[in-house]
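Sequences listed follow chains B and G, in order.
Read in the working numbering, the first sequence has 600 at position 252, and its numbers run on one by one without any break.
Read in the working numbering, the second sequence has 227 at position 95, and its numbers run on one by one without any break.
Incorrect hints may have been included.
[Said to hold, decoys possible] In silico EDC-like links for lysine to aspartate or glutamate, alpha-carbon gap of 16 Å or less:
{"id": "1", "chain 1": "B", "residue 1": "Lys607", "chain 2": "G", "residue 2": "Glu428"}
{"id": "2", "chain 1": "B", "residue 1": "Lys579", "chain 2": "B", "residue 2": "Asp614"}
{"id": "3", "chain 1": "G", "residue 1": "Lys359", "chain 2": "G", "residue 2": "Glu412"}
{"id": "4", "chain 1": "B", "residue 1": "Lys603", "chain 2": "G", "residue 2": "Asp417"}
{"id": "5", "chain 1": "B", "residue 1": "Lys603", "chain 2": "G", "residue 2": "Glu421"}
{"id": "6", "chain 1": "G", "residue 1": "Lys250", "chain 2": "G", "residue 2": "Glu263"}
{"id": "7", "chain 1": "G", "residue 1": "Lys405", "chain 2": "B", "residue 2": "Glu620"}
{"id": "8", "chain 1": "G", "residue 1": "Lys401", "chain 2": "B", "residue 2": "Glu627"}
{"id": "9", "chain 1": "G", "residue 1": "Lys408", "chain 2": "G", "residue 2": "Glu422"}
{"id": "10", "chain 1": "B", "residue 1": "Lys605", "chain 2": "G", "residue 2": "Glu421"}
{"id": "11", "chain 1": "G", "residue 1": "Lys231", "chain 2": "G", "residue 2": "Glu153"}
{"id": "12", "chain 1": "G", "residue 1": "Lys250", "chain 2": "G", "residue 2": "Glu265"}
{"id": "13", "chain 1": "G", "residue 1": "Lys207", "chain 2": "G", "residue 2": "Glu153"}
{"id": "14", "chain 1": "G", "residue 1": "Lys400", "chain 2": "B", "residue 2": "Glu623"}
{"id": "15", "chain 1": "G", "residue 1": "Lys400", "chain 2": "B", "residue 2": "Asp619"}
{"id": "16", "chain 1": "G", "residue 1": "Lys405", "chain 2": "B", "residue 2": "Asp619"}
{"id": "17", "chain 1": "G", "residue 1": "Lys400", "chain 2": "G", "residue 2": "Glu412"}
{"id": "18", "chain 1": "G", "residue 1": "Lys401", "chain 2": "B", "residue 2": "Glu620"}
[What the hints assert, rightly or not] Negatives, chain B to chain G, calculated, CB over 10 Å:
{"id": "19", "residue": "Thr362"}
{"id": "20", "residue": "Asn384"}
{"id": "21", "residue": "Asn394"}
{"id": "22", "residue": "Leu409"}
{"id": "23", "residue": "Ile417"}
{"id": "24", "residue": "Asp425"}
{"id": "25", "residue": "Leu539"}
{"id": "26", "residue": "Lys570"}
{"id": "27", "residue": "Thr573"}
{"id": "28", "residue": "Asn582"}
[Stated by the list, open to error] Rough simulated footprint, nothing fancy, chain G against chain B, three-plus residues with beta-carbon under 8 Å:
{"id": "29", "stretch": "523-529"}
{"id": "30", "stretch": "551-564"}
Keep in mind the hints are simulated off the structure, nothing from the lab.
All C-beta atoms, glycine included, are put in the ideal place defined by N, C-alpha and C.
Below, each chain spelled out in residue letters.
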Amino acid sequence: MRAIINIIEAFDTTYIYQNSDIPKKAVDEVTLSIKNGEYIALLGKNGSGKSTLARLFNSLLLPSGGDVIVLGKNSKDDENVWYIRKKVGMIFQNPDNQIIGTTVIEDVAFGPENLGIKQEEIENRAIKALNDIGILDLKERAPHMLSGGQKQKVGVASVLAMHPSCIIMDESTSMLDPRGREELLRTVKQLNVKEKITIINITHHMEEACLADRVIIIDEGKIVTDGKPVKVFNDVEKIEEMGLDVPQVTRLLYKLKEKGYIKRIDAITVDEAFERIIEIIE
Amino acid sequence: MRLLSTRHLKGLLKSLSKLIEFHDVSYTYNKGTPLEKKALNHVSFSVDKGEFLAIIGHTGSGKSTLIQHLNGLLKPDTGKIIIDSQDTSGKGLKQLRKKVGIVFQYPEHQLFEETVYKDIEFGLIKHNIDEPERKLRIQETARIMELSDELLQKSPYELSGGQKRRAAIAGILVLQPDILVLDEPIAGLDPRGCNELFNIVNNLYSSKNITVILVSHSMETVADYAKRIIVMDNGNIIIDGNVNEVFLKDEELERNGLSVPQITKLMKKINLKNDKISREIFTVDQALEEIISYLEGKHD
Numbered sequence: 349m350r351a352i353i354n355i356i357e358a359f360d361t362t363y364i365y366q367n368s369d370i371p372k373k374a375v376d377e378v379t380l381s382i383k384n385g386e387y388i389a390l391l392g393k394n395g396s397g398k399s400t401l402a403r404l405f406n407s408l409l410l411p412s413g414g415d416v417i418v419l420g421k422n423s424k425d426d427e428n429v430w431y432i433r434k435k436v437g438m439i440f441q442n443p444d445n446q447i448i449g450t451t452v453i454e455d456v457a458f459g460p461e462n463l464g465i466k467q468e469e470i471e472n473r474a475i476k477a478l479n480d481i482g483i484l485d486l487k488e489r490a491p492h493m494l495s496g497g498q499k500q501k502v503g504v505a506s507v508l509a510m511h512p513s514c515i516i517m518d519e520s521t522s523m524l525d526p527r528g529r530e531e532l533l534r535t536v537k538q539l540n541v542k543e544k545i546t547i548i549n550i551t552h553h554m555e556e557a558c559l560a561d562r563v564i565i566i567d568e569g570k571i572v573t574d575g576k577p578v579k580v581f582n583d584v585e586k587i588e589e590m591g592l593d594v595p596q597v598t599r600l601l602y603k604l605k606e607k608g609y610i611k612r613i614d615a616i617t618v619d620e621a622f623e624r625i626i627e628i629i630e
Numbered sequence: 133m134r135l136l137s138t139r140h141l142k143g144l145l146k147s148l149s150k151l152i153e154f155h156d157v158s159y160t161y162n163k164g165t166p167l168e169k170k171a172l173n174h175v176s177f178s179v180d181k182g183e184f185l186a187i188i189g190h191t192g193s194g195k196s197t198l199i200q201h202l203n204g205l206l207k208p209d210t211g212k213i214i215i216d217s218q219d220t221s222g223k224g225l226k227q228l229r230k231k232v233g234i235v236f237q238y239p240e241h242q243l244f245e246e247t248v249y250k251d252i253e254f255g256l257i258k259h260n261i262d263e264p265e266r267k268l269r270i271q272e273t274a275r276i277m278e279l280s281d282e283l284l285q286k287s288p289y290e291l292s293g294g295q296k297r298r299a300a301i302a303g304i305l306v307l308q309p310d311i312l313v314l315d316e317p318i319a320g321l322d323p324r325g326c327n328e329l330f331n332i333v334n335n336l337y338s339s340k341n342i343t344v345i346l347v348s349h350s351m352e353t354v355a356d357y358a359k360r361i362i363v364m365d366n367g368n369i370i371i372d373g374n375v376n377e378v379f380l381k382d383e384e385l386e387r388n389g390l391s392v393p394q395i396t397k398l399m400k401k402i403n404l405k406n407d408k409i410s411r412e413i414f415t416v417d418q419a420l421e422e423i424i425s426y427l428e429g430k431h432d
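Okay, chain B solo, but in the shape it has when bound (with noise of 0.2 Å):
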């Protein structure tokens, strides 16, 4: 059998809101793909297509026009909603919506319970990947008495107890102070790197995005940009256009190569751009 690379492939995929007046296009003939494993990093301002895009990843929404294959399964058709549901996680921007359960355990359980898998393997999986995410300690806590972060992270355990390929988080780190957004991903990028799982972060924190291998930028229901992040944000103009913004450091860089005091950016983290500053200064 041939190894499945692309988890998720999309072929001029539309979405159109029917409930509207005037029905338009929120995801417009768009073709991508995801590798296994992949980490992606999903911008676009408000109103761009990206939560749309992502739910028709997950068969949440199903395309109007053209297909979304998801693990080699077209969304289409029926009996894949299901298993795409499970293959494809997603974590929402606010933890107090997505929980269920009384305690913790409860709440991760509550996955795997639909999926008709027996009490025992429940347990284990729960409590696995509650371990996992380093919050096994939390497992007997009320969900509801939780920090915004420890609820997102109670998130994340749920969704892994699903044994997921892909965990899209549509904004789940805006609401969380600046250690709870870095705990949550360090958490997700151990994922990653560990166990191979897909990551797609919706965001509109640049310095977060800068975190992934590849940058899809959306605009009025179309992929504008696509590629590495040092790439992407270098093109400050375009970002700009787009009612996006660059991390700080990228637009220092920007400002003092408009002035000429240097030639290139090539830099998104502090590191970075320690080096580009400490070249003109020494």
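Since the structure of chain B is already known, use the hints to place chain G on it.
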């Protein structure tokens, strides 16, 4: 004798200019139950008229509890809060709420009228402002918040994220508060929406002499706009100072689950390598100026 009286007079003037005073304020949630949680622990501070103050702290540090005390939504268990010479535990809540406009997280979830115009008008009607005055104020506020006439006639649901947020804030500003409190105003907004919103707030701050209190997890936003920062932890104020003083304490901030702007991290690293370049840098423009002035040989 004369010296003493001058000092006395100065002290008196100073206390007169205080717009917000917290005296030893404590507050506990679910008192007397197993879920009891002390959220504010003997907090004292004051804010002058015309300050731009940021309050930072990790989740659960007490920031939201503190701001809910500003317009009497919560009242202190012990201690006293005076807003513009009015005790928040006493009568006159309506008056107080006109003075203190609080924009909570995701304020657009509270938009409910048929049109944006009616939504902005709602608070004015509640405060018995008559029609001609309402119209004038809405026009003025819409201009400030960059909401066009066409937009005012739309349903709030037809607006983009940034427009909705601005419409919701307009509903607060139209009451002409002296103090504008913003609780995580940029969560969920794209970068352009953030910039637009803060440019408007900053204009209001400088042109209308309004006092602004910003609660945010974005250290970059805080550094770009605030003048003073209060850091909270576990119901206590642990640092209170101007932007420079606070962001120089990067290690203490990190111990408390916070951070400093990315540009400050870069400049600290450069400063450790070459101490002729200052690390007291908190915005991109300051960094640019510092590096250029070094390159132009002005540091020798």
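Here's how the hints hold up against the structure:
1. B:Lys607 x G:Glu428: It holds: about 13 Å lies between the C-alpha atoms, which stays within 16 Å.
2. B:Lys579 x B:Asp614: The given pair, whose Cα atoms are some 8 Å apart, holds under the 16 Å limit.
3. G:Lys359 x G:Glu412: Given pair G:Lys359, G:Glu412 holds - Cα atoms ~14 Å apart, limit 16 Å.
4. B:Lys603 x G:Asp417: Distance ~9 Å between B:Lys603 and G:Asp417 Cα, so the pair holds.
5. B:Lys603 x G:Glu421: holds, 10 Å
6. G:Lys250 x G:Glu263: Distance of about 12 Å is within 16 Å: holds.
7. G:Lys405 x B:Glu620: With a Cα-Cα distance of about 15 Å, the restraint between G:Lys405 and B:Glu620 holds, given a limit of 16 Å.
8. G:Lys401 x B:Glu627: holds, 14 Å
9. G:Lys408 x G:Glu422: holds, 10 Å
10. B:Lys605 x G:Glu421: At roughly 13 Å apart (the allowed maximum being 16 Å), G:Glu421 and B:Lys605 satisfy the hint.
11. G:Lys231 x G:Glu153: holds, 14 Å
12. G:Lys250 x G:Glu265: Given that 16 Å is the threshold and the Cα spacing comes to 14 Å, the pair holds.
13. G:Lys207 x G:Glu153: holds, 14 Å
14. G:Lys400 x B:Glu623: holds, 13 Å
15. G:Lys400 x B:Asp619: holds, 12 Å
16. G:Lys405 x B:Asp619: holds, 13 Å
17. G:Lys400 x G:Glu412: At roughly 8 Å apart (the allowed maximum being 16 Å), G:Glu412 and G:Lys400 satisfy the hint.
18. G:Lys401 x B:Glu620: holds, 11 Å
19. Thr362: Holds, because the least Cβ-Cβ distance between B:Thr362 and chain G comes to about 21 Å, which exceeds 10 Å.
20. Asn384: holds, 30 Å
21. Asn394: violated, 4 Å
22. Leu409: Non-interface label on B:Leu409 holds, nearest chain G Cβ at 19 Å vs cutoff 10 Å.
23. Ile417: Check passes; 30 Å lies beyond 10 Å.
24. Asp425: Given that every Cβ of chain G is farther than 10 Å from that of B:Asp425, nearest at about 34 Å, it holds.
25. Leu539: Since the minimum Cβ distance to chain G is about 22 Å, B:Leu539 lies beyond 10 Å and the statement holds.
26. Lys570: holds, 17 Å
27. Thr573: holds, 15 Å
28. Asn582: At roughly 16 Å from the nearest Cβ of chain G, B:Asn582 sits farther out than 10 Å, so the non-interface label holds.
29. 523-529: holds (count 7)
30. 551-564: With 3 residues closer than 8 Å to chain G, the stretch 551-564 of chain B meets the three-residue bar; holds.
This entry does not satisfy hint 21, going by the numbered hints stated previously; all others are met.
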